[in-house]
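As you go down the protein sequences, you meet chains A and B in turn. Taking the UniProt record's numbering as reference, the numbering of the first sequence is continuous, increasing by one, and the terminal residue is 152. Taking the UniProt record's numbering as reference, the numbering of the second sequence is continuous, increasing by one, and the terminal residue is 197.
Careful: at least some of the hints might be erroneous.
[Said to hold, decoys possible] Distance windows between CB atoms, simulated: (1) 151/B x 132/A: 35 to 43 Å; (2) 85/A x 125/B: 25 to 33 Å; (3) 146/B x 130/A: 20 to 28 Å; (4) 127/A x 31/B: 46 to 54 Å; (5) 187/B x 132/A: 37 to 45 Å; (6) 145/B x 132/A: 31 to 39 Å; (7) 104/B x 83/A: 28 to 36 Å.
Keep in mind that the hints were calculated from the coordinates and are not lab data. Keep in mind that this is a model prediction, so the values were computed, not measured. Where a beta carbon is used, it is the ideal one built from N, C-alpha and C, also for glycine.
Each chain is listed here by its residues.
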Amino acid sequence: LRKNVEDFTGPRERSDLGFVTFDITADILNRKSGLQTFWNKNTLMLFFIFDWNVKQLFLYLSAEYSTKNNALNQVVLWDKIMLRGDNPRLSLKDMKSKYFFFDDGNGLKGNRNITLTLSWNVVPNAGILPLVTGSGHVSVPFPDTYETTKSY
Amino acid sequence: VCGGRRSCWPGSGGTRGRAAMDLFGDLRRMNKRQLYYQVLNFAMIVSSALMIWKGLIVVTGSESPIVVVLSGSMEPAFHRGDLLFLTNFHDDPIRAGEIVVFKVEGRDIPIVHRVIKVHEKGNGNIKFLTKGDNNEVDDRGLYKEGQNWLEKKDVVGRARGFLPYVGMVTIIMNDYPKFKYALLAVMGAYVLLKRES
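Build out the structure end to end from the sequences listed, making use of the hints.
Rendered as structure tokens:
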């Protein structure tokens with residue numbers, strides 16, 4: 001099975017740009033709990049969340065990391081709106097991140113610890129709007145060098 | 001026996017035949033007192049409402065703890081006319097995925113969108129980017145000329161609770177001022193004409 005491919009080109013406008021593609025059949029660089037278990041654990045939870053007062057879930061995958069410039073950075077890579085009645089199974093293969101993963105500065109190069117977590121915002125028919133973080137997370141390191149050319 | 005004294009209400013007994021002018025005068029005096037009473041009652045209601053609103057501002061820490069959604073940029077979660085309840089506690093960090101209500105510098109209208117990027121320095125200095133769920137692109141086009149990030153000072157509050165449709169009344173009053181005046185006239189008439197038993 002393929003590895004998770006991380007590479008990044010940059011800097012554009014003096015900021016690091018990271019590219020992450022995630023594939024649920026991958027194992028992340030020798031980690032025992034790969035992306036597969038991560039997604040599965042969370043889709044199981046999603047089955048139980050939809051009750052009569054849940055209008056929709058706003059799911060998002062965010063990358064959290066710290067750099068020299070900033071103690072805490074959070075970037076939403078991907079999001080999805082899941083309405084009550086939609087199939088709660090998330091089966092996403094080889095998803096490119098939906099949004100550009102720009103850093104504020106050059107903090108992605110050689111950054112060993114980018115944590116990807118899946119969270120969701122429960123939107124009720126009426127009432128409180130909770131923000132829930134899914135269980136588990138995946139750590140992704142970025143390489144030490146830039147890619148100079150990239151073809152898409 | 002009522003000698004035209006102010007404290008004499010009609011129907012309290014002791015009436016005698018009077019000229020129509022006297023009766024009318026008496027009625028007018030009685031009405032004026034009742035009127036003052038009604039106005040005071042009304043003023044109390046308005047003051048209580050204002051106090052509750054100010055109290056909410058203090059408790060939530062937000063300058064506008066209840067807002068009405070004006071656009072469809074957060075659909076299908078929020079539609080035009082929905083009501084949002086906000087808090088703005090100073091120690092609450094701004095995190096990706098949260099729904100914030102913010103004001104762009106120089107503009108009056110608050111915007112309700114979601115935080116998609118956060119960069120926070122160790123000293124608590126934070127800058128973030130927002131985007132409406134229903135929009136294709138992030139909000140940089142909405143910010144001030146040359147502004148790329150929002151800061152904590154731009155935040156009016158974070159959306160914590162939500163009620164659908166209730167805010168439509170405010171939108172209707174805004175779009176159809178005649179409706180607003182009619183409503184005010186009805187309320188005014190009710191206050192002035194209502195009789196306490």
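Evaluated hints:
A beta carbon spacing of about 27 Å between residue 151/B and residue 132/A contradicts the range 35 to 43 Å that was offered as a hint. The hinted range of 25 to 33 Å is not satisfied by residue 85/A and residue 125/B, whose Cβ atoms lie roughly 43 Å apart. A beta carbon spacing of about 36 Å between residue 146/B and residue 130/A contradicts the range 20 to 28 Å that was offered as a hint. Range check, residue 127/A to residue 31/B: about 48 Å between beta-carbon atoms, so the 46 to 54 Å window is met.
Take residue 187/B and residue 132/A: their Cβ atoms lie about 43 Å apart, and the range 37 to 45 Å holds. Between residue 145/B and residue 132/A the Cβ separation comes to about 37 Å, which falls inside the hinted range of 31 to 39 Å. At about 30 Å, the CB distance of residue 104/B to residue 83/A agrees with the hint of 28 to 36 Å.
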